[in-house]
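Full structure from sequences and hints, please.
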Amino acid sequence: MNALLELVLQEALWSAVGAGGFAVLFNVPRRALLYCMLAGAIGRAVRTLLLEGFDAGIVVATLAGATVIGFIAHYCALRLKMPSMIFGICGAIPMVPGVFAFQTMLALLQITGVSPEAAAEPLVIAAQNAIKTGLILGALAAGIVMPALLFVRPKPVV
Amino acid sequence: MTDNEPVMLKPASAVRPVFPYVDGHEHKPLMEREELRDVINLSLWAGQLMLQHGADAARVEETIHRLGTGLGCDWMDILVLPQTIVATTINNQDFRTRVRRAPARGVNMTIVAEISELSYRARTGDLDRFTLRQELHRIDGAAPNYSRWTVILAVGAACAAFCRLFGGDAVAMAVTFLAAAAAMFARQELHRQHFNPLLITTVTAFIAGVIASTITLLEPETSRMATLSAAVLLLVPGVPLVNAAEDLLRGYPVTGIARGVSGLLVSLAIALGLALALWVTGGGGL
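The listed protein sequences correspond, in order, to chains Y and F. Take the first sequence: its position 79, counting from 1, is numbered 79 in the numbering used here, and each next residue is one higher. Take the second sequence: its position 202, counting from 1, is numbered 360 in the numbering used here, and each next residue is one higher.
No wet-lab data here; the hints were simulated from the structure. Computed from a predicted model, the values in this text were never measured in an experiment. Some hints here could point you the wrong way.
[Said to hold, decoys possible] Each computed EDC-like pair below joins lysine to aspartate or glutamate, with the alpha-carbon atoms no more than 20 Å apart:
| id | chain 1 | residue 1 | chain 2 | residue 2 |
| --- | --- | --- | --- | --- |
| 1 | F | K186 | F | D286 |
| 2 | F | K186 | F | D284 |
| 3 | Y | K81 | F | D252 |
| 4 | Y | K81 | F | E272 |
| 5 | F | K186 | F | D235 |
| 6 | F | K186 | F | D232 |
| 7 | Y | K81 | F | E293 |
| 8 | Y | K81 | F | E275 |
| 9 | Y | K132 | Y | E121 |
| 10 | Y | K132 | Y | D55 |
| 11 | F | K186 | F | D252 |
| 12 | Y | K132 | Y | E52 |
| 13 | F | K186 | F | D196 |
| 14 | Y | K81 | F | D284 |
Printed below as a string of structure tokens:
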């Protein structure tokens with residue numbers, strides 16, 4: 001249990017650094033910077049907790065983490081009077097599936113260099129990683145917009 | 159009221175419609191042709207800035223609508239297309255329509271936040287078209303919040319942190335920091351020369367990949383994957399991809415698909431740059 005807690009805290013710390021770096025790259029207003037880091041840290045902590053502590057799959061865990069980020073972003077948006085996408089996108093950056101995308105690319109490149117018989121394995125690896133990448137990205141986006149989908153339900157005007 | 163007194167603006171919502179036309183609809187006070195022109199110019203400028211700097215389609219449409227109706231129009235109809243906005247201002251029986259191009263200019267959340275705030279001020283009647291013009295000039299010309307070198311350091315630190323999250327150790331993190339910071343510097347330089355964005359992405363990924371590949375000289379294979387994939391994360395089109403999904407979810411399929419495709423193209427450009435780097439450094443059966 002202690003090992004899990006330590007892992008979660010460590011991941012949260014590094015996620016905060018990552019989210020903060022990208023917040024600077026995206027030129028967020030200075031007073032939003034800390035909240036972006038907080039969103040990144042908590043989102044990733046939730047995901048790690050579900051992954052390691054509750055044996056959830058990575059897509060479901062990402063959806064849960066991103067939903068938490070979405071609600072934090074919604075709260076920060078009301079509090080700081082800024083668009084929620086600032087906190088949502090910066091907070092989601094630490095969960096972007098960089099390694100899976102990279103492995104997809106490596107496997108795809110391998111396919112081009114081998115005989116058709118030997119291509120089966122890298123092809124499957126590429127497909128698996130591409131599907132994971134796509135699903136995780138989809139889960140991230142769906143989680144971030146969750147509050148908007150739940151709370152903002154305008155009556156159609158036409 | 160004497161002539162010296164400042165004219166107080168009434169909240170747009172508090173202005174009672176005074177010209178009920180025969181069409182049976184209620185209308186706001188009549189606007190001059192010139193006023194209508196100003197409103198469409200300014201609200202389109204605001205929308206253009208938002209679209210160029212990374213806002214999603216729904217937000218652009220809502221903001222333009224708030225600005226236009228806040229400045230006295232009855233209604234606005236807005237069509238948000240990839241890198242283009244079409245808008246019509248309507249007041250009583252009169253209307254004006256305009257198309258505005260908005261090529262992407264890189265993510266800038268401060269601009270998105272400030273224009274969003276302006277639109278809420280317009281809705282409460284706290285903003286007239288002359289102040290709005292001044293504010294848009296200021297926002298458009300404002301210097302970034304963070305200096306160039308702060309951005310380079312922050313991006314390097316962020317990519318090093320991701321290297322750690324991907325399972326790299328301290329040496330791998332140091333190499334990632336150097337690779338990402340150098341790549342960010344190169345990206346800024348190339349951006350200044352107005353090269354094609356996809357070309358910039360490929361070249362930057364190549365530079366990051368070559369520097370990150372030095373990890374194999376320092377350590378055995380274990381950290382290679384973490385270092386290489388973290389070093390190019392600064393290029394990942396996170397904002398276009400999240401916006402693409404958001405547009406699709408909220409009923410803007412045209413902008414959603416266009417953003418998704420451009421995000422995919424950027425990802426392919428990253429892959430191409432990395433592949434070239436791996437080939438040059440001889441690190442992989444390519």
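Checked hints:
no., hint, in the structure
1, K186/F - D286/F, "holds, 16 Å"
2, K186/F - D284/F, "holds, 17 Å"
3, K81/Y - D252/F, "violated, 34 Å"
4, K81/Y - E272/F, "holds, 10 Å"
5, K186/F - D235/F, "holds, 16 Å"
6, K186/F - D232/F, "holds, 6 Å"
7, K81/Y - E293/F, "holds, 18 Å"
8, K81/Y - E275/F, "holds, 7 Å"
9, K132/Y - E121/Y, "holds, 17 Å"
10, K132/Y - D55/Y, "holds, 17 Å"
11, K186/F - D252/F, "holds, 12 Å"
12, K132/Y - E52/Y, "holds, 18 Å"
13, K186/F - D196/F, "holds, 17 Å"
14, K81/Y - D284/F, "holds, 16 Å"
Checked against the numbered hints above, the structure violates only hint 3.
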